[in-house]
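Novice: For the record, the sequence lines run as chains A and B.
Quick note: the first sequence, position 3, residue 7 per the numbering used here, numbers continuous.
Quick note: the second sequence, position 160, residue 195 per the numbering used here, numbers continuous.
There's no promise every hint is true.
Said to hold, decoys possible - Below 25 Å or equal to it, Euclidean Cα-Cα: the simulated BS3-like pairs (lysine-lysine) are:
no., chain 1, residue 1, chain 2, residue 2
1, A, Lys149, B, Lys156
2, B, Lys156, A, Lys6
3, A, Lys84, A, Lys182
It should be emphasised that the hints constitute simulated quantities derived from the structure, not laboratory data.
Remember, predicted model here, so these are calculated numbers, not experimental data.
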Amino acid sequence: MKHITVPALRLFIICFVCALCLGLCSEITKAPIAAQAKATQDAAMQAVLPDANFEEISDAALSGTVTAVTAGKDASGNIKGYVVSCTTSSFGGPLQMMVGVDTSGTVTGVRILSHADTPGLGALAASPDFYEQYTGMSGTLAVDKDGGQVVAITSATITSRAVTVGVNDAIAWVAANK
Amino acid sequence: MNKNLTVLRDGILFDNPVLIQVVGMCATLATSTSIINGAGMGFSTMAVLVGSNVVISLLRKFIPDTVRIPCFIVVIASFVTIVQLILQAYLPAINDALGLFIPLIVVNCIILARAEGFASKNNWIASLFDGLGNGLGFTAVLVIMGAVRELLGSGTILGMTIMPEAFPKTLLLIMAPGAFFTLGIFMAIFKKLAKKPVSEDEE
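Isolated chain B, as found in the complex (with noise of 0.2 Å):
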């Protein structure tokens, strides 16, 4: 396979930044209440992640060892609030869905961890496909804890009331203990489910 796309699958998958990784874990729980609260953070993070990967990658002969998690959390930072501003600027419907996370993007670790795990020793291309990847593996944990916890937490899926109501909501499920909860069983069945080839375990 194509090592750009390995790279984009593992991040789905394999690498899964929530799942496997165990990153982010602080946005996670947080905002995986409903689907659109989900999708807001993931795709946010995914827009800032393939931004820094791509940065962070380019400026990788130019960082120094010794200083380079300042420099990437430098970088990281302005990029975040550059995307802050020019949303609040010209894009206010956008804004108001995603604003309240975009601030969060800052303290979310996959970033930081994507930038010192993989663009720093990678060129520019295989970083785009890391970031986008890990941002997708991100959104897709995200909708899918923000499905489950949504539908049995408030009987909605998208804030349509799906459940009868008669339907026991679990309100517990969209608190935070119910983050936990959630989490623990899907990581519980993800590590059953995806076992990476052996064959690739060498690279």
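Bound-form chain A, shown alone (with noise of 0.2 Å):
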């Protein structure tokens, strides 16, 4: 008996002491981590949106590929543009970005936050020689091959595809919704 219940109640123990460590590790981490990951959130932000106080709009009609949008307002309060989250389909699987819109419909900045596609062709998306080109674009917009005026990543078309369908739903949402 004594050669099962020996080991049994060692391995209880050492999980136990395990266990506890975790749940004491992650209690006194908990905070700090909520406010970093809104640190990171807040300054990808201000990366699309420069010089705006951020709202979220809960109730927001989401359309397309827009999964959440906050409202960027001005020192008095005043609308500036929208910060508008999207995630789309692209080679590798879902791609997140954020597209910031001024009230006019002109992007004021892209960033890609996440995508799973391959390094040194669609990843190269997440690079800013590629979603700098989008600042300053309005309308509906188009890659290159397609017609348009984005200039494409080589080799990654579906990749450009998935970003410009992103930042043309940003641009709608806030046609239909400023």
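Given two chains presented individually in distinct reference frames, assemble the corresponding complex, making use of the accompanying hints.
Specialist: Quick look at the structure:
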């Protein structure tokens, strides 16, 4: 009997101590982690819509690939633009992005938050060389291969289209809801 | 040579985790696409490896032989999770750079292989050196593989373009098949060059 109970008991003790440490650690780090996540989110929003105070629109009418919308207000409380979060379908799976659009429908910035595309090809969408070109664009966009003004990434047209779809949906959302 | 230094050297060279022991293949193939990725994965693995080796070595008399693997896994997984939580909470810059790799460390069998093969049989100081040696050996291979794949695959080193525009980038090298090619060539060269001194083979 002893050759079963002793190992079982010791394994239990090790698991118990580990669980205790994990629980403790999780409790201690919960608040700082939430604060960090918020800071990251705010930094991304500041990057796509500069100099604004953000207020999430919880009852936004979501359409297309739009998953969330945050209003950006200036110092006196007037809405100057929106940060639209989109999830589009790209080559390697979902591509999450944030698009800043001002009230006139002009793109103020784009950031790729996450993607699962090929390194060296589609993954280049997350580099400023690609996403910065959207800043200042408006209307309905298309990649150059489809006759539009967006310079697609070489050998990654699907990824370039996925980003463009998100930007278009963001512009359309602002046009329909401002 | 001092025993601990021998352990350290063997981890880097003659018992290199990737090229000789052939463990941690998943992480090696996936993260050696560039120098930065390789170094990130290498150093985060080393930190966890040193920690888990020391803890397992200290617990080696307490852990019953029959249930040692579950014990190792519980200790390693807890270690990784705590490291991840602390990085997320207090060191966001490091977390941004390495965050992606940390959950991958749990499934990296270098850690389990060293716990089973070394730390559970040796004292904590030797285990610490073993962790350092294997960690450095792992990091070195990842960084060199990353450099080769990054240079030939994207024409850059550390993200800076150094190859002329006309250089034909071999995209295959930064994709999965390129990882196998590079690793295979590395192993072949290493086996040819690195021969452990015969007299030490008895240990």
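Novice: So, for every hint listed, does it hold in this structure?
Specialist: So, going through the hints one by one against the coordinates:
1. A:Lys149 x B:Lys156: violated (63 Å)
2. B:Lys156 x A:Lys6: holds (24 Å)
3. A:Lys84 x A:Lys182: holds (10 Å)
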